[in-house]
Each structure stands twice: as structure tokens, then as C-alpha cells.
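Peer 1: Chain by chain, the residues:
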Amino acid sequence: MRLAFILSEIGSGIRRNLSMVTSVILVTFISLTFVGAAGLFQLQINQMKGYWYDRVQVTLYLCVDNSSETSCAAGPVTDEQREAIQAKLESEQFAPYVDTVTYESQEEALGHFRDQFANSPIVDSVTADQLPESYRVSLVDAEKYEVIDEAFSSEPGVDAVSDQRDFLEAIFRYMNWASVVALVIAGIMTFCAILLIATTIRLSAFSRRRETGIMRLVGASKAVIQLPFILEGVIAAVLGAVLASATLWAASKFVIDGWLVDTFPQTAFISSQQVLLLVPALILLGAVLAGLSSLLTLRRYVKV
Amino acid sequence: MIRFDNVTKNYDSKSQPALDAVSLDVDRGEFVFLVGASGSGKSTFIRLVLKEDRASRGAVYVAGQNVANIPSWRVPRLRRGIGVVFQDFRLLPNKTVFANVAFAMQVIGRSRAVIRETVPDVLATVGLEGKNNRMPHELSGGEQQRVAIARAIVNRPGILLADEPTGNLDPTTSMGIMKVLDRINQNGTTVVMATHDDDIVNTMRKRVVELRNGSVVRDDAQGIYVGETGVLTG
Chain A
1 MRLAFILSEI
11 GSGIRRNLSM
21 VTSVILVTFI
31 SLTFVGAAGL
41 FQLQINQMKG
51 YWYDRVQVTL
61 YLCVDNSSET
71 SCAAGPVTDE
81 QREAIQAKLE
91 SEQFAPYVDT
101 VTYESQEEAL
111 GHFRDQFANS
121 PIVDSVTADQ
131 LPESYRVSLV
141 DAEKYEVIDE
151 AFSSEPGVDA
161 VSDQRDFLEA
171 IFRYMNWASV
181 VALVIAGIMT
191 FCAILLIATT
201 IRLSAFSRRR
211 ETGIMRLVGA
221 SKAVIQLPFI
231 LEGVIAAVLG
241 AVLASATLWA
251 ASKFVIDGWL
261 VDTFPQTAFI
271 SSQQVLLLVP
281 ALILLGAVLA
291 GLSSLLTLRR
301 YVKV
Chain B
1 MIRFDNVTKN
11 YDSKSQPALD
21 AVSLDVDRGE
31 FVFLVGASGS
41 GKSTFIRLVL
51 KEDRASRGAV
61 YVAGQNVANI
71 PSWRVPRLRR
81 GIGVVFQDFR
91 LLPNKTVFAN
101 VAFAMQVIGR
111 SRAVIRETVP
121 DVLATVGLEG
131 KNNRMPHELS
141 GGEQQRVAIA
151 RAIVNRPGIL
161 LADEPTGNLD
171 PTTSMGIMKV
181 LDRINQNGTT
191 VVMATHDDDI
201 VNTMRKRVVE
211 LRNGSVVRDD
221 AQGIYVGETG
231 VLTG
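Sequence lines, in order, name chains A and B.
Letter by letter, the first sequence follows residues 1 to 304 in the UniProt record's numbering.
Letter by letter, the second sequence follows residues 1 to 234 in the UniProt record's numbering.
No lab work stands behind these hints, which were simulated from the structure alone.
Treat the hints loosely; a few may be bogus.
As the list claims (entries may be wrong) - Under the rule of at most 27 Å between Cα atoms (straight-line distance), these lysine-lysine pairs were calculated in the DSS-like manner: (1) Lys-131/B to Lys-206/B; (2) Lys-131/B to Lys-95/B; (3) Lys-49/A to Lys-303/A; (4) Lys-14/B to Lys-222/A; (5) Lys-144/A to Lys-49/A; (6) Lys-303/A to Lys-14/B; (7) Lys-222/A to Lys-131/B; (8) Lys-222/A to Lys-144/A; (9) Lys-303/A to Lys-95/B; (10) Lys-303/A to Lys-222/A; (11) Lys-14/B to Lys-179/B; (12) Lys-179/B to Lys-206/B; (13) Lys-51/B to Lys-303/A; (14) Lys-51/B to Lys-14/B.
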């Protein structure tokens with residue numbers, strides 16, 4: 001009975017205050033969409049880190065004719081130098097760090113180069129002896145890149161030690177920035193949402209002061225008096241969260257599944273299923289925000 | 001039923017207290033008129049009984065309990081034991097007569113069946129049979145006040161407080177309201193009625209407590225009241 005009564009109070013509250021309730025829905029919708037977008041960026045970063053760091057290799061480029069490094073002063077790498085490098089890579093000392101070592105000759109390098117730039121006229125002008133031989137080293141722990149770098153960068157016959165992580169980190173930095181920007185916007189919008197919820201509850205309390213006054217006199221409990229107001233805000237915020245979730249899901253469905261996956265087939269993207277993991281968090285966040293801000297407002301504006 | 005023990009109420013420290021060391025006992029089943037000019041402290045008395053305000057000094061007991069010791073979450077229970085009627089009726093304009101009375105039962109969680117059974121009985125008690133579905137604006141002032149009384153007593157409180165219930169009504173209608181209040185009192189409810197309508201007080205011949213500037217200046221078992229002139233007889 002009391003539940004039915006509270007529900008009917010909520011219904012009449014929302015009807016009287018329809019425009020404010022709509023604006024609460026929209027503002028929570030926008031703010032939670034940005035919160036969710038920031039979350040998705042982070043998920044994507046983690047996903048790519050996990051995917052790439054397993055595949056990251058350190059490449060030791062060996063000297064060619066025109067190398068300028070001091071370790072290449074003696075000209076192109078000699079057979080002895082190459083053997084020494086390989087022996088060092090496979091020695092006991094580096095066994096804890098090195099997983100596998102693959103040698104890539106100049107001819108193989110040219111083959112890869114041709115594959116990569118198949119559509120470019122540059123292919124025809126490049127010959128095998130312009131490209132360096134290399135050792136591709138995959139690491140047990142990708143974070144231990146410096147160990148290899150220090151040990152081999154001044155080794156005779158090694159031109160340069162390169163880590164693909166440098167390149168990836170730059171990408172992750174940009175994505176991190178994007179998620180920070182999304183979070184800042186989300187923060188501002190959430191602040192707006194809180195203020196708007198508070199104002200809505202205040203108006204609602206004002207338009208129903210007669211009812212609440214009578215409720216107090218006949219001994220209605222605090223819960224019965226305040227719950228309709230709180231739930232009014234919570235319902236609006238949860239609706240906003242549902243809209244935000246739907247938007248994020250649709251965006252991931254169309255942008256990631258429909259476009260990015262086809263355009264960048266080597267990259268691991270989050271799936272729209274993973275977006276669904278965010279939904280409960282967004283709804284909970286919306287409900288808690290609305291609940292807290294209406295509770296604080298009621299403490300000031302509805303005497304019990 | 002209601003006991004004021006040396007109660008003082010200051011709304012602010014500079015002005016004169018609204019109630020000044022008032023001591024008063026109202027027994028169970030009594031009918032008491034609280035009389036005095038505007039600003040004499042009648043409404044403050046009612047607010048203190050309802051714990052809408054705290055006494056600055058002294059203690060207010062309702063049904064044997066010091067209201068100062070009632071924690072805020074128990075205040076609704078205190079108020080369920082007290083019905084209140086005001087000069088301005090305070091009905092919900094968009095609800096029917098039935099719904100206005102039922103509202104008081106809904107908010108404390110009474111079942112629909114109980115409400116359907118109780119409300120018509122109470123409406124009959126206040127003389128509003130057959131007006132269940134009227135809206136408040138379709139009723140006369142006297143009828144609206146009867147609805148307000150029905151709402152105040154529908155949860156069977158032990159105490160009925162009436163703050164100038166006839167203040168907006170003509171003398172004939174007022175007498176009708178007084179008959180209703182008297183009948184409620186006959187059924188065992190303690191009634192405290194604040195008024196400055198001397199005709200009513202003199203007709204009813206009940207206990208009269210007169211307040212002036214926050215102090216009790218008179219407490220007569222079967223008193224009368226002669227308006228603002230201050231001439232006392234009886």
C-alpha cells in the first residue's frame with residue numbers, strides 16, 4: 001500500500017515537473033556518456049597494451065655501408081661480429097631476458113620492405129644492400145628492454161637498437177590524453193547534473209509543500225515524505241544513464257565493429273560486448289549522484 | 001494527556017517570550033478552550049505539543065512522555081497520536097473529499113481495504129455523508145472544515161488540536177463545527193481548541209485557559225470569555 005502510494009506520488013511529481021525532469025535526464029545522459037567514453041579509452045589502452053606488449057620485439061640493426069654510428073666505424077658488419085652478437089644474445093647472461101632470437105638477412109628485409117610498400121614507387125629503387133640485417137629479439141618481459149639496449153648498442157657491428165614500444169607509448173599517450181579530456185568534460189557535466197538535480201528537487205518540493213506539510217502533521221515517516229523526491233531524481237538519472245549506455249554501445253558497434261576493425265585489422269579493439277560491462281557502473285553512478293544530491297537538497301528544503 | 005511544566009518559548013532573545021513559564025495540565029478526555037488575543041501564545045502552545053518547536057525552558061509532556069526526549073525518527077509516531085485542524089483547512093485542492101481523508105491513512109501505510117471501510121464512517125461522523133466524490137472547491141467553508149476534521153481524526157488520535165477552526169466561518173456554521181468537535185470529545189478524544197470567538201466559548205461552557213502575552217492569566221473549569229475587552233465574569 002505504502003509502495004503504491006509512493007509510486008503514485010512519484011508519478012504526480014514527474015508530471016508536474018516534466019520539463020525539469022527531462023533536462024535532468026539529458027544532462028545526466030551527456031555527462032555519463034563522457035564518463036563512459038573515458039572508460040572506453042582506458043579499456044582500449046589496456047587491450048592494446050596487452051596485445052602489443054606480448055608481440056613487442058627489440059630489433060638490433062647491424063651495420064651497413066653508410067651507417068654513421070661509431071660502432072660501425074669499421075664498415076659493414078663482419079661475419080665474426082655477427083657470430084659474436086648472436087653468441088652473446090644466446091648466452092647464459094641474457095637467457096632470463098631473451099625469449100627467441102630471429103635473424104633477418106638483407107634479402108628478407110627487402111622482401112618485407114616490398115610487402116609493406118607494395119603500392120609505392122620507392123620499391124623499385126631500393127636494393128637489398130641498402131637495408132640492414134637485423135636480429136629480432138622477443139623478450140620474456142617487454143619492460144626489460146633497457147637491459148638489451150645497454151648491452152648491445154655499443155657492440156661492434158650493431159648500428160642501432162630499436163624498441164617498438166617507443167612508438168606504441170606515443171600512441172598510448174595520445175589516447176590517455178583523450179581519456180583525460182573526456183573525464184574533464186564528464187566532470188563539468190556531472191557538476192551541472194548535480195546542480196540541476198538539486199534545483200529540480202527544490203522546485204518539486206516547493207510545488208508539493210502543501211502535501212508534505214499535511215504528511216508531516218498526520219505523522220508520515222521521513223522515508224514516506226522524502227522517498228518520492230529522491231526516487232524522482234534517481235529515476236531521471238537512471239534514464240539518463242540508460243541513454244548514455246545505449247549511445248556508447250551504438251558508437252562502439254558502428255565505429256569500432258563497423259569501421260576500425262576493418263580498417264586496422266592488425267589492431268586489437270575492444271568489442272561492443274565489453275561496452276556492456278560499463279552499463280551497470282554508469283547506472284549505479286547516475287543513481288548515486290542523484291540520490292546524494294537530492295538527499296542533501298531535501299535536508300535543506302523539506303522539513304520533516 | 002498534555003502537561004506543560006514551567007514552559008518558556010523564546011523565538012529570539014530580544015523580544016518578549018511567546019510563552020512565559022506556562023504550567024498547565026490537560027487530562028485525558030477533557031475539552032479545553034485556549035483563549036486570548038492574537039499573539040498571546042495559543043499557536044506556540046500547539047506547535048510545542050506537536051514538537052514543531054522546542055521549548056526554550058521547561059518540559060512538555062504528551063501522553064506522559066517528555067517530547068524533548070523523543071528522537072527525531074520517533075516524532076512521526078508522536079504526531080500520529082495527535083490530530084490537528086487549522087483555520088485555513090489545508091485540504092489538497094486536487095483531491096476529492098474521500099481522497100483528502102484517505103491521504104492521512106495512506107501516508108502511514110494503512111491498507112486499501114481498511115481505508116475504504118474507515119473513511120466513509122469518519123465522513124459520516126463529521127456530517128458529510130454522500131459527499132465522498134466532491135472536490136474541496138465545491139464545498140462551503142464549513143464543509144471544508146469538516147473534511148479537515150475528518151482527516152485529523154481518521155487515524156483515531158488521542159488528542160485533537162484545533163487552531164482557530166471557526167476563524168473563517170460564520171456563527172451558524174461555527175456552531176455546527178463545535179457540535180462535531182463536541183461529539184469527537186464525547187467519544188473520548190482530548191480536544192484543545194485555540195480561539196478568540198467568545199460566543200462559542202460561552203455557549204459550550206467548557207474549561208477555559210486564557211493566555212495573555214505568553215502567560216496563563218485564568219484557568220476556569222466552566223469558564224466564559226469576553227473577547228478583547230478583558231472584562232472577566234463567571
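Peer 1: List, from low to high, the hint numbers that the structure doesn't satisfy.
Peer 2: Going through the list in order, the structure violates hints 1, 3, 4, 7, 8, 11 and respects the others.
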